[in-house]
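Asks: Construct the complete structure from the given sequences, taking the supplied hints into account.
There are 2 protein chains.
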Amino acid sequence: MRILILGGDGYLGWPTAMYLATKGHKVGVVDNLAKRKWEAEVGSSPLWPISSLQERIKIWNEINEVEFQCNYQHTMEMFVCDIAENRHLLYKIIEGFKPDTIVHYAEQPSAPYSQMDAQACVYTQRNNVLGTLNVLMAVLHADKSIHIVKLGTMGEYGTPNIDIEEGWLDVTHKGRTDKVLYPKKPGSWYHLSKVHDSHNLEFACRTWGIRVTDLNQGVVYGTDTNETLLNDRLATSFHYDAIFGTVLNRFITQAVEGVPLTVYGTGTQTRGLINIRDTIRCIELACETPADAGTFRVMNQFTEQFSIMQLAKRVQAVAIKAGVICVMNTIPNPRVEKENHYYNAKHTALTNLGLIPHLLTDDVLLDIYKQVEKHKSNINKDMIQPTVKWRQ
Amino acid sequence: MRILILGGDGYLGWPTAMYLATKGHKVGVVDNLAKRKWEAEVGSSPLWPISSLQERIKIWNEINEVEFQCNYQHTMEMFVCDIAENRHLLYKIIEGFKPDTIVHYAEQPSAPYSQMDAQACVYTQRNNVLGTLNVLMAVLHADKSIHIVKLGTMGEYGTPNIDIEEGWLDVTHKGRTDKVLYPKKPGSWYHLSKVHDSHNLEFACRTWGIRVTDLNQGVVYGTDTNETLLNDRLATSFHYDAIFGTVLNRFITQAVEGVPLTVYGTGTQTRGLINIRDTIRCIELACETPADAGTFRVMNQFTEQFSIMQLAKRVQAVAIKAGVICVMNTIPNPRVEKENHYYNAKHTALTNLGLIPHLLTDDVLLDIYKQVEKHKSNINKDMIQPTVKWRQ
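Protein chains in written order, with my numbering: chain A, 37 to 428; chain B, 37 to 428.
Mixed in with the good hints, there may be bad ones.
Just so you know, same-sequence chains aren't split out, so a pair can sit in one copy or run between any two.
[As the list claims (entries may be wrong)] Here are the simulated DSS-like pairs of lysine-lysine, each with C-alpha atoms no more than 25 Å apart in a straight line:
#1 Lys-180 x Lys-374
#2 Lys-406 x Lys-417
#3 Lys-382 x Lys-215
#4 Lys-374 x Lys-210
#5 Lys-410 x Lys-349
#6 Lys-417 x Lys-357
#7 Lys-425 x Lys-410
Since the hints were derived computationally from the structure, they do not count as laboratory data.
Replies: Following this line, the structure appears as structure tokens:
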């Protein structure tokens, strides 16, 4: 299968590209490399240096050209394109590459970034919503049978007092019934941008008969995949800061650094989590079983639910096992979110397709812990405390 | 009350401005005058010439300065600003004018326009979604107590198989209940932009404690208000074309011109309708009873439901009474929409506040008919046939 990965420079986009290439798919990678600018704006750096995308692709292709000799199918192509700003270049890339599937990661991925100020809010929605519209336009323009696999987030749903289903909800109201898009109440301008995307995608399926899989992903954790381990310079970025770092990665980094884990509020907020190794497998499963033409398919991409406090305690236990003193601090919640809430989110669609989860065992936590420990000297403690406040 | 009207150059913004000024409110009008460009793009003109906004405000202020002598409160101020592109100018206008209420009409208002091509789609969502975000940012920046009255549309809901409530829905699912934002499945990129707005507005209320009234308006019809009748050059724009004309205005123009009424599909699509005189009264009611701080209040702003075929038959009957032969043609539906569907939309919030509807009587239809007839020589028949197809 020919797969074009939008946002292939990112934490998840890059490991996805390598994994799918290893599996025999012809992979193209598109990125505008804006993440480097966003990091610079907030003063954040990945925990270990990340080679340029050009260099990583060069290394990847060298490894694979040698390994497979005359079989170059595992090599990748790279395209620099801002999909939100340059629709016509995106058209050209798609016409040239002729993907069967487009995996769309190319969005500003941070809730705190989107909450920083007016500029970051408007930028996030402009970048994400218009970028996704351009992907739809490009598919309509080039070939309506291209399957779009779009990364959404479990945060789109918020924390409703009813079970979270996978994208759609059967509603009975005053004796009548309908199947509706699951009503969403997200918690940041970033999460809202993904809700807007989902509405736009569903409309395009309904009106044009295109095929979309919307993957509402949980909080991702982890550092390595089989492919990132092939060569140091194939590593993917790992953020531990309060803007771009996801919660578990952040806690582990704090444990390594020997500073208190910063639990926001009571820590009773519950979230769905997923190992980075499962993320890439979920993408593979979605690609290999395309949504039907005209279908807006939604799958919840996480494997386990935890409260933030449970995660902190798990990290604490592992740190103590590793011989480190680890305390946690509950700090005033910088976000506006429910802390005590019901949370029961369905996530059977991907397991039904064959996902066998990497669960959050102590061994998994310890692996990440050790990986972070190797780079302890790079940790900038100033970047871990939250500075962005939801309430202005 | 000091009321700033965004989009004050438009079909509804301008009559709203005059009406609220007459009622003793201090009115400021903001517009980027982009509607003139959109009209030029599609080759559409209002049925009668419309004075520039500057000229209309000059005439309005002259009338009111004379009438009220030393009491200048009925006069208006005008500001040219693109709210989607120039957030800081909007900040400055709001800081200077110090509104109690912002009435936000400043959006690209046409579904067919948004469906024309990729550029028009992306433009519509950029203009509408980012403009509304900037309004929120400006209120946060200037004064969180400013009440935002936002124009939405009944088209946001689509045609669910359950009753349409006013913005929120009590859901019971697997034995648990919650009050959720009413799930929406709109029918165009334009309607989607308003759905995105609603989600963004709700989040701002929830997070920042601001106050918003979202008015989901039905299809508006009519030409005059008491204020537009004061002087020919105070008239508001009247579009009858397939891009900017609403259905009833279009049918009446076709009847006057003696061409068949173009009913899309079977005409069994049902819509909520409202007289332009009720639109301005609804805005007044919303302004005078601000939403509570932190509340996202939604009201459905229409007064009667009709199928498109019922409207065509009503226009036909009135035309025949006026001595004209009037036929109707059902034409292939250019839109993607359900034609046979359940439709029962609640609209009690505004009547509870005191709205006494101007219903769609034959006399009302005949009044519009006569008004259009006066300008029959301006009708461009070529503009009435739909050219924009939803299915590409």
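Asks: Are the hints correct? Go through all of them and say.
Replies: Here is how each hint holds up against the structure:
1. Lys-180 x Lys-374: Between copies only: 22 Å across chains, 41 Å inside a chain, cut-off 25 Å.
2. Lys-406 x Lys-417: within (18 Å within a copy, 75 Å between copies)
3. Lys-382 x Lys-215: both (16 Å within a copy, 20 Å between copies)
4. Lys-374 x Lys-210: For Lys-374 and Lys-210, only the inter-copy Cα distance (21 Å) is at most 25 Å; the intra-copy one is 29 Å.
5. Lys-410 x Lys-349: within (22 Å within a copy, 78 Å between copies)
6. Lys-417 x Lys-357: Within one copy only: 23 Å inside, 81 Å across.
7. Lys-425 x Lys-410: neither (32 Å within a copy, 59 Å between copies)
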